[in-house]
Amino acid sequence: MIRFSFVSTAALILAANTAFAETEITWWHAMGGALGETVNQIATDFNASQSDYKITPVFKGSYEETLTAGIAAFRAGEQPNIMQVFDAGAATVIGAKGATIPVQDLLTENGVNFDINDYISGVRYFYADAEGKMIGMPFNSSSPIMYFNTDALAKAGVEAPKTWEEFETVTAPALKEAGYIPLAQSHSPWIFVENFVSRHNLPFATNDNGYTGTDTKILVNSPELKMHWTNVKEWQDEGFYAWYGASWDDNQAPFEEGKVAIWLGSSGSFGGLMKKDLPFEFSATYLPYWEEITTEPKQTFIGGASLFAMAGHPAEENKATAAFFQYLTSPEVQYMWHKETGYVPITTAAYELAKADGHYDRFPAAEVGIQQLSLPAGEYTKGYRMGFYPQIRDVMNREFGRILSNETDVEAAFSTIETESNELLARFALTQN
Amino acid sequence: MKRAGFSHRWLPILFLVPQLAIIFVFFYWPALHAIRSSFFLQDPFGFGENFVGLKNYTAMFKSAAYMRSAWFTVIFTVLVTVLSLSIALLLAVKADKVIRGAKTYRTLLMWAYAVAPPVAGVIGLVLFDQSWGPIKDFVALFGWDFRLGVNYFDTAFAMIFVSVWKQLPVNFIFFMSGLQSIPKSVREAALIDNRSASGRFWDVTFPLLAPTGFFLLITNITYALFDTFGIIDTIVKGKPGNNPMTLVYKVYVDGFRGNDLGGSSAQSVVLMILVLALTVFQFRLVERRIHYT
Chain A
1 MIRFSFVSTA ALILAANTAF AETEITWWHA MGGALGETVN QIATDFNASQ SDYKITPVFK
61 GSYEETLTAG IAAFRAGEQP NIMQVFDAGA ATVIGAKGAT IPVQDLLTEN GVNFDINDYI
121 SGVRYFYADA EGKMIGMPFN SSSPIMYFNT DALAKAGVEA PKTWEEFETV TAPALKEAGY
181 IPLAQSHSPW IFVENFVSRH NLPFATNDNG YTGTDTKILV NSPELKMHWT NVKEWQDEGF
241 YAWYGASWDD NQAPFEEGKV AIWLGSSGSF GGLMKKDLPF EFSATYLPYW EEITTEPKQT
301 FIGGASLFAM AGHPAEENKA TAAFFQYLTS PEVQYMWHKE TGYVPITTAA YELAKADGHY
361 DRFPAAEVGI QQLSLPAGEY TKGYRMGFYP QIRDVMNREF GRILSNETDV EAAFSTIETE
421 SNELLARFAL TQN
Chain B
1 MKRAGFSHRW LPILFLVPQL AIIFVFFYWP ALHAIRSSFF LQDPFGFGEN FVGLKNYTAM
61 FKSAAYMRSA WFTVIFTVLV TVLSLSIALL LAVKADKVIR GAKTYRTLLM WAYAVAPPVA
121 GVIGLVLFDQ SWGPIKDFVA LFGWDFRLGV NYFDTAFAMI FVSVWKQLPV NFIFFMSGLQ
181 SIPKSVREAA LIDNRSASGR FWDVTFPLLA PTGFFLLITN ITYALFDTFG IIDTIVKGKP
241 GNNPMTLVYK VYVDGFRGND LGGSSAQSVV LMILVLALTV FQFRLVERRI HYT
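Each protein sequence line maps, in turn, to chains A and B.
In case it helps, full-length UniProt numbering puts the first sequence at residues 1 to 433.
In case it helps, full-length UniProt numbering puts the second sequence at residues 1 to 293.
Bear in mind the hints are in silico, worked out from the structure with no lab data behind them.
For every residue, glycine included, the Cβ atom is placed at its ideal position computed from N, Cα and C.
It cannot be assumed that every hint is accurate.
[Unchecked claim] Per the computed footprint, the stretches of chain A lying under chain B, defined by three or more beta-carbons under 8 Å from a beta-carbon of chain B, are:
no. : region
1   : 69-81
2   : 93-101
3   : 383-393
4   : 398-406
The following block holds chain A by itself, in its conformation from the complex (with noise of 0.2 Å):
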């Protein structure tokens, strides 16, 4: 008895032994919903794959939540390993120098190799600082794209349309005399200004769309800019446009109902429509663009969000992280979270994987994303780095819905976001030092 009871402490022991052997680390995110489980599964089975290392997998909320949390516990020695910043963010976390360890730097210290030409062109520098240097590693890396009710545009006897022109003078028309309203989005701050900027090839801001220094310049005050504003408010009076409010899920709804014909989401968006069996055939295409400003449209900008190394850990700790981003990173997992979420694979190794795998055959519309992300850069297409981005985008969720619902025009309302955001970039670079 007493011998058995020696063995058993000696077992337990031993047992604790090796589960202190393991590295243990936290990743804070703000994937909810079917996201999160899908983040879960990767968690599980990166601590099923091998024995030195555990990561816990925490969700914190929205995005801007999830950052605020992220700030506060850095600001009491307590951040997690890894937290997930948004597009918006970026220019918080990248600021703030000793907050996080560049991806970079963090893998290659830690023996990983790190080849930034393994990954798709659309995602490279979005989340890098000014000399290219990859500071936060792209996780769910999305792009707004057009969704359409293919069932819709048969009966209306169109086409999903190239450029606006081509919407404003043939599909919207034909689409409203189906009975349908022809389009909604969901974002407009992001669709309509950042990926508006991109695909036409429009710069953002000064200092090479902020990258290069904090006293930045938005230049969203531009002709072209104006002129898709105040064709969406014509649209919206002819009924060409419907909006819904600065909620997302509000636009989308329309769409699944089938009212809304034409709906510009994310490509993170397709996992989720997939999985509601919407009761008509729907598939995807690139972002139009307007004939009259360029003939040569351009690639995104890559959004969703990227994955920082916090500072503040031991070694062995940092190196729990490295070898995470690295199974992270593997094609086979990058693969895996495309195909369950819809968001695109951000190496080319992933995402000729998906290729070889026939995903692209069965889902025609999943690789619109990526396609659209590889689509020739140019001068702006990389990114933008705006301090106090979150605020701004509340600006112009502000303004534009003031624009919607009658309350002002296109010329003030673009003349009062430009002066707020200044106002706000310029506070920034107050807080940087």
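Chain B: place on chain A using the hints.
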């Protein structure tokens, strides 16, 4: 005359220390921190900061968006307070007269008290939803094209509606107990003097309810200013856009979503001053004019 008291000077201080420490750590220290931050612009991660003097304050008062939300806060607070007090008073006076099934009736009226503000907000979202909300369908019968989250006025209406609904039970309970504490003899005397029910209400009941009413006035203003946060957050779905928002929600939007610590500190200092003014108003101006029995 012999004074009752402590023989040692340090003993009362010792007894006070725990309470004072809690107040200092949880109230004064953060407040002082906010005042300090309001004069700085700070990197969110805490790596650097610059002293900017009154710049955060001037930027705030110059901002049209801030003034818009300040005006909305004033109108919102007045409407929520006035509506929730007057409707609750009416319900309490009527409920006071009910004899059969009085308890059931009162319990039903108090129920909504248990609903947390964010839940109330979600209920509001469901009722007013732009594609399938029953209230939206109902007002459409009168030609009102209700668009929650799209139209500024409609969103404000929903916020006020839900906030008032959520506050009614609290006010109802207090008015109820206020009414029941009015002595029967007083009521009977009033009945002999004045045969008009509304006359009796305004001459006798209402003045006697004044202490309760005043207490509720202050708590309702505080509620409308601060506790409606959860309702507003759920109704705007975390993305204010062109929707109305109160000053407290704006502190959150700029500070917690936008990471502008200096700017949102300046906004919260303004709110602190507002609360201070409210307290002074409570004790200096009104308490003196109200007679507690």
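Status of the hints after comparison with the structure:
Remark: the region 69-81 of chain A is confirmed as covered by chain B, as 3 of its residues place a Cβ nearer than 8 Å to a Cβ of that chain, reaching the required three. Counting residues of the region 93-101 of chain A whose beta carbon lies closer than 8 Å to any beta carbon of chain B gives 6, which reaches the threshold of three, so the coverage claim holds. With 3 residues carrying a beta carbon less than 8 Å from a beta carbon of chain B, the region 383-393 of chain A meets the three-residue requirement, and the given coverage holds. Evaluation of the coverage hint for the region 398-406 of chain A: fulfilled, as 7 residues show C-beta separations to chain B shorter than 8 Å, against a requirement of three.
Going through the hint list in order, the structure satisfies each hint without exception.
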